[in-house]
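Residue numbers (the numbering used here), protein chains in the order written: chain A, 1 to 175; chain B, 1001 to 1175.
These are computed hints drawn from the structure, not numbers from a lab.
Beta carbons: idealized from backbone N, C-alpha and C, even for Gly.
None of the hints are false.
In silico lysine-lysine, DSS-like type, Cα no more than 27 angstroms apart, as pairs:
1. A:85 with B:1085
2. A:142 with A:125
3. B:1100 with A:85
4. A:85 with B:1065
5. A:140 with B:1085
If you want a taste of the chain B side facing chain A, the calculated C-beta under 10 angstroms gives, among others:
6. 1039
7. 1063
8. 1081
9. 1086
Some residues of chain B that are not near chain A, with every Cβ distance over 10 angstroms (derived):
10. 1109
11. 1112
12. 1128
13. 1137
14. 1154
15. 1165
Single-letter residue listing:
Protein chains: 2
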Amino acid sequence: MEVEIKFRADESVEDRIRSVAEFICEKVEEDVYFNSQVRDFRESDEALRVRRDEEEVRLTYKGPKVDPETKTREEMEVVVNDYRKALEILSRLGFRVIRKVVKRRRIYRYGEVTICFDDVEGLGKFVEIEVNSDDVDSAKRKVFEVAELLGLDPSNSIRESYLEMLMRDTSTSEA
Amino acid sequence: MEVEIKFRADESVEDRIRSVAEFICEKVEEDVYFNSQVRDFRESDEALRVRRDEEEVRLTYKGPKVDPETKTREEMEVVVNDYRKALEILSRLGFRVIRKVVKRRRIYRYGEVTICFDDVEGLGKFVEIEVNSDDVDSAKRKVFEVAELLGLDPSNSIRESYLEMLMRDTSTSEA
Chain A
1 MEVEIKFRAD
11 ESVEDRIRSV
21 AEFICEKVEE
31 DVYFNSQVRD
41 FRESDEALRV
51 RRDEEEVRLT
61 YKGPKVDPET
71 KTREEMEVVV
81 NDYRKALEIL
91 SRLGFRVIRK
101 VVKRRRIYRY
111 GEVTICFDDV
121 EGLGKFVEIE
131 VNSDDVDSAK
141 RKVFEVAELL
151 GLDPSNSIRE
161 SYLEMLMRDT
171 STSEA
Chain B
1001 MEVEIKFRAD
1011 ESVEDRIRSV
1021 AEFICEKVEE
1031 DVYFNSQVRD
1041 FRESDEALRV
1051 RRDEEEVRLT
1061 YKGPKVDPET
1071 KTREEMEVVV
1081 NDYRKALEIL
1091 SRLGFRVIRK
1101 VVKRRRIYRY
1111 GEVTICFDDV
1121 EGLGKFVEIE
1131 VNSDDVDSAK
1141 RKVFEVAELL
1151 GLDPSNSIRE
1161 SYLEMLMRDT
1171 STSEA
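Chain A extracted, bound-state conformation (with noise of 0.2 angstroms):
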């Protein structure tokens, strides 16, 4: 399980995170997110992703969130060793382009704590605090001391992706 709090960020909280854990790598994350033709995951909450940096493509499938507090929800990934095959195979088996979200990250680590401070094309600043763990309730209580600790407060925690963000924004603006 992937057991994540996101906050809107700004560069104060970035130095907090700075002074307190330890800086990992930084690298533009290009996501491509697909619908299927089986269930629209919009309305299942499901989520279809290919996504490369500079490193590696992985594609990604993640359940329906199942907390309401958190972000928290069930994800299975595999490294592919193509990017553009990866897409055209999910094509051709029916699966729709729904957009692609590009940001630049930040990854820092606190114990088994995964804090990733992001600038989100056409979205802003955010940071997102993330433990992999079965153990959602201990996990929960980690993710929510590293928000303590970082002046974050669980009540201004965002539970949409960014891709739900930007699809939100783009029906918005064109309604």
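Position chain B against the provided structure of chain A, taking the given hints into account.
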């Protein structure tokens, strides 16, 4: 494009292969074939497969056969880093396992032509003669030349996949 012809074969065919072609390797390939809920791949003549051998795992999409004389069809493939997760992701995306096909394959090379001597569980021994190329006409000439070199009669070639042969046998024995 995967341009391919296939024949039933016995040990004498492999002796002839050995006398003209270079032996590359022997491996056991374990293939899991999936069907789609969007369209029945048995009717659309497509295939979705996860293949595992001793070295790696590959996810493969095959389009419908496009040539009356051969098994020629479009093939797209990525290497993935985890067999179980690949199966699980496809299952979550709504694909259903049709069946597993297991074979011991000895691979030989003759110029650009790949010759596979296969012993398929439940079906017996076959030879597949294959060229991967977008120039289908030239590739067809090459695979037919190798068939002739091996003393195989093109009129005996088999267009059915191992999966189709196994499914036919199953439905016959159930009838």
